[in-house]
Amino acid sequence: MNKLYVGNLSPLVTVEDLKQLFGEKKLPGAGQVLLKSGYAFVDFPDQNWAIKAIETLSGKVELHGKVLEVDYSVPKKLRSRKIQIRNIPSHLQWEVSQSVSQSVSQCLVL
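The opening position of the sequence shown corresponds to residue 1 in the UniProt record's numbering, with each subsequent residue numbered one higher.
Incorrect hints may have been included.
What the hints assert, rightly or not - Calculated cross-link-like contacts (lysine-lysine; reagent style DSSO-like; alpha-carbon spacing at most 30 Å):
no., residue 1, residue 2
1, LYS3, LYS25
2, LYS25, LYS66
3, LYS19, LYS76
4, LYS26, LYS60
5, LYS36, LYS76
No lab work stands behind these hints, which were simulated from the structure alone. Keep in mind it's a predicted model, so treat the numbers as computed, not measured.
Starting from the given sequences, assemble the full structure and let the hints guide the process.
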């Protein structure tokens, strides 16, 4: 994975600021930079450079008064949303609990 999330950015940060920072840290070809409010996504040429960027920048570099958070970008569809339902009465029949859990979404009943 070559796309990184760069978080905790000051509203003053520009794409040029980020590219200059990568250049100063000798991190090549920060190809595409997508800057949003407070964070950015940055493409690197390969996974080795992405790892080096995380190791070099995350929690160690300050830009416009804020320490950067750098990690792999995770697409929304891969993030998990989990709910735990506990303390279900033992007298509740299995079929009822299963029908409730299936009506909510796909569930793993343990």
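Results for each hint:
no.	hint	in the structure
1	LYS3 / LYS25	18 Å, holds
2	LYS25 / LYS66	17 Å, holds
3	LYS19 / LYS76	25 Å, holds
4	LYS26 / LYS60	15 Å, holds
5	LYS36 / LYS76	16 Å, holds
Checked against the numbered hints given earlier, this structure breaks none of them.
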